[in-house]
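Visitor: With the hints as a guide, bring both chains together as one complex.
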Amino acid sequence: MTNFKRVPHAFLWTLLLIVLTEFFVYSNRESLVHDYWNKFVINEKVLAEAPGDYDYLILGNSIQKTGIRPADVSDRLLSIGLAGAKPLAQVALLKRYLRKHKPPKVIFLYVDPENQYDTMQVIARYFFDFTEFGTYASDLSRDERDAYVWKMFSTLDHRKVGLGQDRVAYGGPNAEFVRALLANRGFMQSPFHDRILADDFYATHKTHRRIQPSITIEPRDRKYFDELMTVADQSGIRVVFLGMVVPEELGAIFETNGFFKEYREYLAALRARYPRVTLPGGETFGIANKYFGDFQHMNDQGVEFYTRYFKEEVFAPTVASAAAER
Amino acid sequence: MAFNTLTFALYFGIFNILYRLIPETPVRGRNLLLLAASYAFYGSWDWRFAGLLAFSTVVNFAIGLEMGEDRTPQHRKTMLVLALAFNLGLLGFFKYFNFFADGLAALLGSSTYSPALNIVLPLGISFYTFQVLSYPIDIRRGVIRPTRDFLDFSLFVAFFPNIVAGPIERARNLLPQIASRRPISAERFHEGAWLIFWGLFKKIVVADNLSKFTTPIFDLPVSSSGLQLLTAFYAFAIQIYADFSGYSDMARGLAKWMGFELMLNFKTPFFSPNLPVLWQRWHMSLTNWIKEYVFYPLALWRPRGRSLESALVILITWVLMGIWHGPTLVFAIWGFYHAALLVLYNRLLPHLNRVRPKQGWRLTTWNAGSVLITFHFFAIGLLCFAVKLPEEVLLVFDGIIQWQAPYYGGTFSLQPFYLLVFLVLPLVVVESAQARADDEFVVFRWPVWAKTGFYYLGFYLIVLYGVFSANRYFYDQF
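Residue numbers (our numbering), protein chains in the order written: chain A, 1 to 326; chain B, 1 to 478.
So here's chain B without its partners, still in its complex pose (with noise of 0.2 Å):
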């Protein structure tokens, strides 16, 4: 049950107004109902996961329980580490037991025995994972006490709009809510509709429709032509950030209907004059995490009286992060990409600051060329998403650079690139209206002939163009 499908949008409908009806206050009413209703959300897709998030819950909150402020500090620290042994053991065995065990056959040379497991990867596991993560950790450090309402910690576990695919809460941040009276103002009502339609815009859409272009060619992209695979770079690019920040703004509209507000996830990313800033925008929730709960405790880290090296921190934290999507060498291979360009980043910014021109049509040139710049090796970082192995990443660059031709003869139709263009051109318009602004509400502020024809041709394009049939986001693979 996609946020994406029709049942979804009969499902929330019935539990909006449940939810409404139910007094603001106490609220534990509607914290009752919401639980509920993740329950069934989430158990929609196979009911095995909603248990497996339950066991997680109720360890977790025990484990809370243990790492209270009348507890002695060396009993907190062990409770910690239970959790992260609990939880990333959890994560380790549903997403990369099987890829060990392959991993551990090959090297004792047997080819007919694996040790590999007939496992479903639960749904969302590496989001929820780290997000009931965030609550020991903060506790260990004080930054939060632990909560002795099992409701509220139950809610903040399975709290559906962000289970899937994130946004990656903190405990700091979602328990308080949870805890407190939430109203829902016009303001903020308006706030997620205007995030639920955009996101369904560019979820089914922008990327569900650049997905029926790329995904033959990067099935095969040795029979692509290079033009086909050129267009097909651009538009797998587009069509992830579409597909997940689509998603996280139909989560935060969702949760703004209930009161809540989400962390952003995305901040027009493809704005980024350089790729440290691209990061500190993309998939904010989670490189923030990384960059909170592993680079900051690793650059700080005094093994032996001496700090490590500032590059194999970033090499250690991107090639997690790599890992974080899944235990595959082309995974890993994004990671270590990402950790070189940062590094070489750093190297040459002395160097670039001396060179940049201070104001004119060169600083704008300037800029213009960083932006292009930086979307371009983002983009080719992006193609480890595309394809399942590393070398078919150079296999794309080796047809474009070749200029190949199609392998079963043909041409190439413009006419679905030009649907193309015209379906992705509200989304370019909007993004960079709100890079300008730096407002992700700036459309609330353009003229009312103008927001009524962008709602009318926005709606419209949805109906008229939206894949009503793909219901899995991209990165709820994940």
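The shape of chain A in the complex, shown without the other chains (with noise of 0.2 Å):
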């Protein structure tokens, strides 16, 4: 038995004190987060429990959150997504829609060939809960559970992100946030929704992460796919892929460095291991760089013409073939 009167009062209250800020950081940690992306991440999973039943869903991750708007193509139609998110993210996100919802009819699923670096992190950090991060935890990498362990040391968890001098800040306050974000059915404005990326962007940023000479496709990527197709198989839904769209610009380097042509063969080889997924809207293209407000994410310009490409390329024709195959 430990005594506590050889035990200095100070420590004890210090302690006292701690456990109390760790508890309010964390039980604050929505508003407290400023980070935009991570902002984006944390509330993601408001807008999967919302109530309302969807018939169409976007499955994708930061480039469709941010440049399609659902209210202008149907208003059965909802954008849920995770930045940076693979399969393995997307099965937990939809999962967790399907918890609270009707299965939807169709999902557009974008399936992400880039090296997202630790964005599984956050998504370890900031979406999951306990129970998700013990399903996956065996697929994880160490510094993606780690991060999920140290988020519950909210105040370090907090100065890791908070901190980050290449992120950019949202001011406003979170409620403020997941009201936007419910009222526009899950559609983000980009932070940078009214740049212009510069026409010879990727020319003077060489080196630029975004520019890979190759795809990236993990083990744990084509396991969690296969999960996906199964619970869509399972409830019912149709899914439906979202081709890749990336500055003109960078949609050359990736024709030119191959990167393009091992996306479209991967695609290829999903397809034909689930012949009844379509691709309406093509695998890969590039729209001009003015569309777009960062090296990834459109602009408002960028968004009208996403958005109607989307409708009338990819949503229109898939909800035509339903209805005949009615």
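Heads up, a few of these hints could be off.
Claimed, not checked - Derived contacts from chain A toward chain B, CB cut-off under 10 Å, selection only:
| no. | residue |
| --- | --- |
| 1 | P8 |
| 2 | H9 |
| 3 | F11 |
| 4 | T14 |
| 5 | I18 |
| 6 | L98 |
| 7 | N257 |
Hints in this document: simulated from the structure, not taken from any laboratory. All C-beta atoms in this analysis are idealised placements derived from N, C-alpha and C, irrespective of residue type, glycine included.
Guide: Structure, rendered in structure tokens:
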């Protein structure tokens, strides 16, 4: 038995204050996290569990979340996704959605071929709950598991994400962020929505991390893609692939270095395994740099363009073919 | 695996549990674990270093045995010479070989060939060599008897809290502790906890944040503004102190948690009224070592019946202190600078005593002024540690005096400066309280609310502003 009389009182008081502080910070982390992209991930739970059922879901990542405005396409469309999401995160998100909603008729799925570096750490930290972490822990890297465990020490976790120099801060309160997310049915305005990517951006940033020589598909991506297809199959959901859209300057690089070729082959292999999956809009395409606000996300003009493209080239044919099947 | 890493925290946590599980007596059980942990800790940098350490241990242990009381004085003297030759030879080979090889090549006018080798400097070699040297010297002087226990001696050499950057222990202090029962009282544990906490704060909050500010400035002094250089001048002095004393505090705190008492290495040196006093409070384990084993023997030496000039003794001692840090001109200049200041101070002391006020506000002002002047002289010397080349020290001064504009234009942002002041403030508060009370644990005597507030603030400054990525200490390069 510890003799508390021998433990300095100041130490006990400090310990108590630390526990209270951590509890307070942890309970309010949605409000305290002011990094835009992490705020997006943390709030996606709210969106996925919000009331109302949808016939069509966009299951993508930040490119679709900031690029397609569901309200301009259909009132039965919701956009869910996590920044940098690969199939593991998409399965978790879809399962979350299905826990509270009727299965949608169609999922517009983006299979991301890029190296997303540490984004799975952010997803583990901000999106996974205890049971999700337990389910996927064996497929997470050590850093990703650490990120989940360390979030319990919330002030340290907050420091890690809050003081990042290269990330955009979100100035408004969390309630406002969530309100906009719900009102826009998952669409989020990119923090760079009013900027224009220079025509020679990649020419002047030759070593930019997005210029990847090869696609990045890990074994866990294949495993969870299969699981996603199983979930969809069991729930009677039809899966439609969304193509990869990039600034045309980057598209030209990807055509030259073989990245697009590899990606097309990968999608073809997936479609060969799952013949019911369709790809109405093409696998890859580049659109003018002027439609982007940063190296990856679209600006207001780009949103107009991409939403219209999605509506006309992907959504409409899918709905038409579904109606024809019926 | 430096003290300021999470890996070490985990390592020490597991070690400490195992250590406590082993009965306190007989001490061999805990010593064995401690020795294994020490080698694992030291070998975590490079396993070859551990091999060298083991080699040094075996040789010094054997020499120690040869210096037993049953041996003749002449034999013991020969063994001491052998010990000095072996240890200094080892240190010289790893630390100074390339310096002399390059020098020799330059002397011979060879621009293409140098016998310099690609030698990796074993971590902490200067520290543990001096620590080991205290063993044969003290045996020869009759201060201690040689130990016959190889385990105890191995632990004395490899003891992990102080192997990388001191404090440089004496065999007469550490060996008896290793051989005897070491109770870990609540008081000792409490003191250890404070030293670890405070040492970590000094290192990762104060030193590492200041380092982020000073390093780019001193890397290119000509491109920084006069204001930046002046600020960096002060910041660097605090950085070095916080870094090194932070390490020493942590070493002593960890040792306390194992029941050991390591010697004090820093005692609020920046509150010293003059340089001799400052040097009694800064890196005390090295200055005392040099004083005991170099300065006094030199001062008492009577070649041809005459003693050496005191100025010469000071000069030799301090240049030796300088090149202990490394075989570079800048460290030799640093030693010479301090020797010159100390000789000058000794000459001026009678005059200073005459004009020194006896009481009242004049005395207070005099004392405060003395502290400030002492700090400035010392901080000037520290610039030798900030730059790589001696002439860069002059560039720093030139930049400050000329109040030079930044080479690349731009203005000096005060924002990080305010943060640094905020982070340094707790250090100033605690140090001044420690200096006033002459008690490093003065915080224990504060009211509970003040202690709680301070611990809470310190904890969150570590969490929020601590630099967890820097896993080296400034002094472990020596």
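Visitor: Evaluate each hint against the coordinates.
Guide: Going through the hints against the structure:
At its closest, the beta carbon of A/P8 sits 6 Å from a beta carbon of chain B; the interface hint therefore holds under the 10 Å criterion. Proximity of A/H9 to chain B holds as hinted, the smallest CB-CB distance being about 5 Å (cut-off 10 Å). Because the beta carbon of A/F11 sits about 7 Å from the nearest beta carbon in chain B, less than 10 Å, this interface hint is met. Interface restraint check for A/T14: the shortest CB-CB distance to chain B comes to about 4 Å, inside 10 Å, so the restraint holds.
Here the hint on A/I18 is kept, as its CB sits about 6 Å from the closest CB of chain B, short of 10 Å. Annotation: A/L98 was flagged as interfacial toward chain B, and the flag is violated, the nearest CB pair being 38 Å apart, outside 10 Å. The beta carbon of A/N257 is not positioned within 10 Å of any beta carbon in chain B (closest approach about 33 Å), and the interface hint is therefore violated.
The structure fails to meet hints 6, 7 from the earlier list, while all remaining hints are met.
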